[in-house]
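> Take the two lone chains, each set in its own frame, and fit them into one complex as the hints suggest.
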Amino acid sequence: MRPFKYIHVTDAPTAITTLASERQAACTSLGEKLVSLACTHPSSPLFGSSQQQVVVENSIVRRKDDEEHCISYTDILHLHQRDMLEVMTQVQPDTESKKYTCYSFGSHFVEVHVHPYSGEVRVTRYVAAFDAGRIVNQKTACSQLTGGIIWGIGMALEEQVIRDERNGRILNADLAEYHVPVNRDIPDIDAFFVEEHDPHMNILGTKSVGEIGTVGSAAAIANAVYHATGKRIRTLPITLDKLL
Amino acid sequence: MDDNFVQVTLHINGQEYVLPLDPRVTLLDALREYIGLTGTKKGCDHGQCGACTVLVDGRRIDSCLSFAVMNEGKAITTVEGLENDGQLHPMQAAFIEYDGFQCGYCTAGQIVSAVGLLNEASGPSDDDVREGMSGNICRCGAYPGIVEAVQHCRAAMHRSRPSQPSSYSPQSSIEKADDDATL
Numbered sequence: 005m006r007p008f009k010y011i012h013v014t015d016a017p018t019a020i021t022t023l024a025s026e027r028q029a030a031c032t033s034l035g036e037k038l039v040s041l042a043c044t045h046p047s048s049p050l051f052g053s054s055q056q057q058v059v060v061e062n063s064i065v066r067r068k069d070d071e072e073h074c075i076s077y078t079d080i081l082h083l084h085q086r087d088m089l090e091v092m093t094q095v096q097p098d099t100e101s102k103k104y105t106c107y108s109f110g111s112h113f114v115e116v117h118v119h120p121y122s123g124e125v126r127v128t129r130y131v132a133a134f135d136a137g138r139i140v141n142q143k144t145a146c147s148q149l150t151g152g153i154i155w156g157i158g159m160a161l162e163e164q165v166i167r168d169e170r171n172g173r174i175l176n177a178d179l180a181e182y183h184v185p186v187n188r189d190i191p192d193i194d195a196f197f198v199e200e201h202d203p204h205m206n207i208l209g210t211k212s213v214g215e216i217g218t219v220g221s222a223a224a225i226a227n228a229v230y231h232a233t234g235k236r237i238r239t240l241p242i243t244l245d246k247l248l
Numbered sequence: 307m308d309d310n311f312v313q314v315t316l317h318i319n320g321q322e323y324v325l326p327l328d329p330r331v332t333l334l335d336a337l338r339e340y341i342g343l344t345g346t347k348k349g350c351d352h353g354q355c356g357a358c359t360v361l362v363d364g365r366r367i368d369s370c371l372s373f374a375v376m377n378e379g380k381a382i383t384t385v386e387g388l389e390n391d392g393q394l395h396p397m398q399a400a401f402i403e404y405d406g407f408q409c410g411y412c413t414a415g416q417i418v419s420a421v422g423l424l425n426e427a428s429g430p431s432d433d434d435v436r437e438g439m440s441g442n443i444c445r446c447g448a449y450p451g452i453v454e455a456v457q458h459c460r461a462a463m464h465r466s467r468p469s470q471p472s473s474y475s476p477q478s479s480i481e482k483a484d485d486d487a488t489l
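Residue numbers (our numbering), protein chains in the order written: chain A, 5 to 248; chain B, 307 to 489.
Chain B extracted, bound-state conformation (with noise of 0.2 Å):
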């Protein structure tokens, strides 16, 4: 082992993995590489285009942006960690349903996104899951298909679980001037 290596213990799906690594090795490639969890995707590298979005303690974040050294003691979830026992995770049923992906290259970096959306403080119209979700880039141009599935999702899930607080929050409602700006 290289003396600049640590020893690196990363809680990912559930599951402990400690590994010696490099500490410039990003989260993304302690992800693909070294553990072997290819679903999260390298789409730039750079920040630019979420396809290698992750959950830390619940908060998406940009796997390629974060060292993996700088995780330790927090829960990942990764887009494999999303099913339950064989069970696809609703927001993945719902990509299913209603047409969320085309190549899907992106879809699990929106997937996951999307997961991350419903546990932030986000208004409830479709303007506002297209703001959300404005940071996982889709090429191919699924993005009614997107729109669709996570509203589609979101309305399920409340209904399943009523009790729990809806992520509809009223700061959010505020019309942005620019929306309607018309001659």
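Excised from the complex, chain A in its bound form (with noise of 0.2 Å):
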């Protein structure tokens, strides 16, 4: 099976939702099209039957009421003399993304400690549940949560585009003045998925992961410092100097 994807909308946080549907259709597509291949050569033991009559399982296409009358995916090829079987299909959102919101959702829960002479701020705990449908790969997706916070501690408390007001020339152009978060930074995460299956989005119930660790992050980071300091920071990053 070669399958072909085609979206119009390059979204890589989405593409497990979207490649999910359109697997699910192109096995589909493609079952129908093996049975039918089965069921329609004069040597098949399935000759004759309809659709309704066989099922597809373990790499064989049997009768339901007889599992003596199978034959198997590479039989199927063979009498037909193909190497290979292509089918191509179209998945269209349907009528249920209207009238649903499918969005992955996200709490973040920081501890911060803000020293009280230099201002400087330390994300000290980090706890952090979302919801992004089925979880397919707990290791990556989780990881990718963790990177993503790790993302918003930076945003928060690091990182800074300084241009030249006169020509808009970037002037922190590298790794040393643009300051990303290094090791040091980061405390124990706890990210983790409250795992529900949303049936409206597609047939397996996946959402996006790769930005919701970030949404959401460098706010919980902004509001643990007003409750530490009193202080409103409304721009970002939150350095020493906006605390002082």
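It should be emphasised that the hints constitute simulated quantities derived from the structure, not laboratory data.
Idealized CB from N, CA, C, for every residue including glycine.
Mixed in with the good hints, there may be bad ones.
As the list claims (entries may be wrong) - Residues on chain A that point at chain B, a partial pick, calculated with CB under 10 Å: (1) T150; (2) D189; (3) I190.
This is how it looks when you write it as structure tokens:
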């Protein structure tokens, strides 16, 4: 099977969602084509059977009422003298997508320490819970969340593009001067999923994971700084000078 | 051969390489462009990111900040040299087990740097590992996994070689004052 994918928005976080629907459609179509080939060749044990009378499972096609009448995928292709089978399907968003919003959601809980003399802010604890539908790969999805949270810590406390206002030139265009979080800046992060299978999004119940880790992260840190200092800092990054 | 070139002999991962090099060629470029050991990565070429970390006589350095000619007569270890007869180095195995990477670009530097860290006197806590590994930037944010990998590898290596002095050192356990600053 060679699935062909066309989407008119390049949207990495929703890749699994669109891919899931498209794969499901392509696999269904492929299954129907296999059954059709199995039932229409005179030498096939399933010759004359209808789509409803057979089932596709474990790399064979067989009659539902008689396990003896079966044929493997490869034998089907051999009968028809084919090396491979190709289908092309297209998936469109259906009317369900107009009735429901299907976004991922997260909650961030942050503890910060603010140095009383220097104004230095350190994130000391971080807990975050997310609903991103069904999680296909726990390990990589959790890593994605953690990475997003770390981006948020950088956004809140460190990262800033400094421009020469006369000509727009970026003055801190290297890693020494554009501060991104280093290992010492990051505490233990407890990020986890609350899995809720969303039946409206797609057949698998998956939702976007790519960006949800960062959304809310900087805001939670700014709120924690307010809780610690009583100061509402409305521009990022929250650097020492803004707290003195 | 250009008049300005010099013959440089480098010992890398137990093998000897003799190269005619412009003396201004960095160790990083010598490894990647002249010898073909591309495991070491060029992240910034300015000593700011740590992706080019290699071990020279067991000490970790940014290879982009060292000229190849400066490293004659020294034992250089790159990420390719960590494995032992097809077996992964314990640090490499730990990075896989504890998910210490995402895109993988900083990973070679992280692993070599972590091996170098274990050769240094450093404190036992997670914060000590964080401090010691802060010369290797990871934009994907795999830091928690990296710290876990280093700590587990250190514990495993300590268990398997109890006669070796551990890397724990009393002077590094002094609490830094700013760690606990609160209002």
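> For the hint on I190/A, just tell me whether its beta-carbon gets within less than 10 Å of chain B.
5 Å, holds
> Holds or violated: is the Cβ of T150/A closer than 10 Å to a Cβ in chain B?
T150/A check passes; min Cβ-Cβ to chain B is 6 Å, inside 10 Å.
> A closest beta-carbon separation below 10 Å is what the hint needs, so does D189/A meet it against chain B?
8 Å, holds
Violated hints for the displayed structure: none, as all numbered hints are satisfied.
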